[in-house]
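Visitor: Same order as they appear, the protein sequences are chains A and B. Heads up: the first sequence at position 87 corresponds to 87 in the working numbering, and the numbers run straight through without jumps. Heads up: the second sequence at position 109 corresponds to 223 in the working numbering, and the numbers run straight through without jumps.
If you are wondering where the hints come from, they were derived from the structure by calculation, not from laboratory data. Values in this document were obtained by computation on a predicted structure and should not be read as measured data. Possibly wrong hints are sitting among the right ones.
Some chain B residues near chain A, calculated using beta-carbon distances under 10 angstroms [to be verified]:
#1 Leu-158
#2 Gly-168
#3 Leu-215
All residues carry an ideal CB built from backbone N, CA and C; glycine is no exception.
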Amino acid sequence: GDSVTQMEGPVTLSEEAFLTINCTYTATGYPSLFWYVQYPGEGLQLLLKATKADDKGSNKGFEATYRKETTSFHLEKGSVQVSDSAVYFCALRRSGGGADGLTFGKGTHLIIQP
Amino acid sequence: SQTIHQWPATLVQPVGSPLSLECTVEGTSNPNLYWYRQAAGRGLQLLFYSVGIGQISSEVPQNLSASRPQDRQFILSSKKLLLSDSGFYLCAWSLGVTGELFFGEGSRLTVL
């Protein structure tokens, strides 16, 4: 079946550092790929998405590129802020869609220190 | 615009008591609806999903049940809670079977 693998962390960085959170997936065809962010005590918010190979999703300084050849969707940000501290989830929706929603990774806890 | 609401936000219940969590979506029609559970330090587990009124699919056999009495209402229930039911419960919706899910604020359940 489909699966998503991401580093669990915690990942601890200093403010203004460069961020990479790796995400790889296993799925047939061309799934849609997503990054969600969860702040403490809250639900998940969609951060960005990409629906086909070589698409780049971007939002709030975060970027991720859909790489079919490496089955990856790594999240990057050039300069992180303390307010970026949260849990980040990589997810996919299988090719052609599915009523059963998204397959999620286990989440990466990011801590940004001032 | 579309919104999704869950309640209650926080719940502390004794073992063996019943449970009812409610979720309502506004501003759209015939959404697909989902219940996920997030246990402490773990990822998201899909519990139930629904593509229409009265249509419920269960992903994991367990102590919980779901119902969809109206198009935009999704209810998670239990007759007798277990300690292992503790967690953060998230309701979500999507339009159709492609695209992203939109999540509610979550309901934190502690079973003592």
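Visitor: Determine for every hint whether it applies to the structure shown.
Guide: Okay, the hints, checked on the actual structure:
no. : hint    : result
1   : Leu-158 : 5 angstroms, holds
2   : Gly-168 : 15 angstroms, violated
3   : Leu-215 : 6 angstroms, holds
Hint 2 from the earlier list is the only one contradicted by this structure; the remaining hints agree with it.
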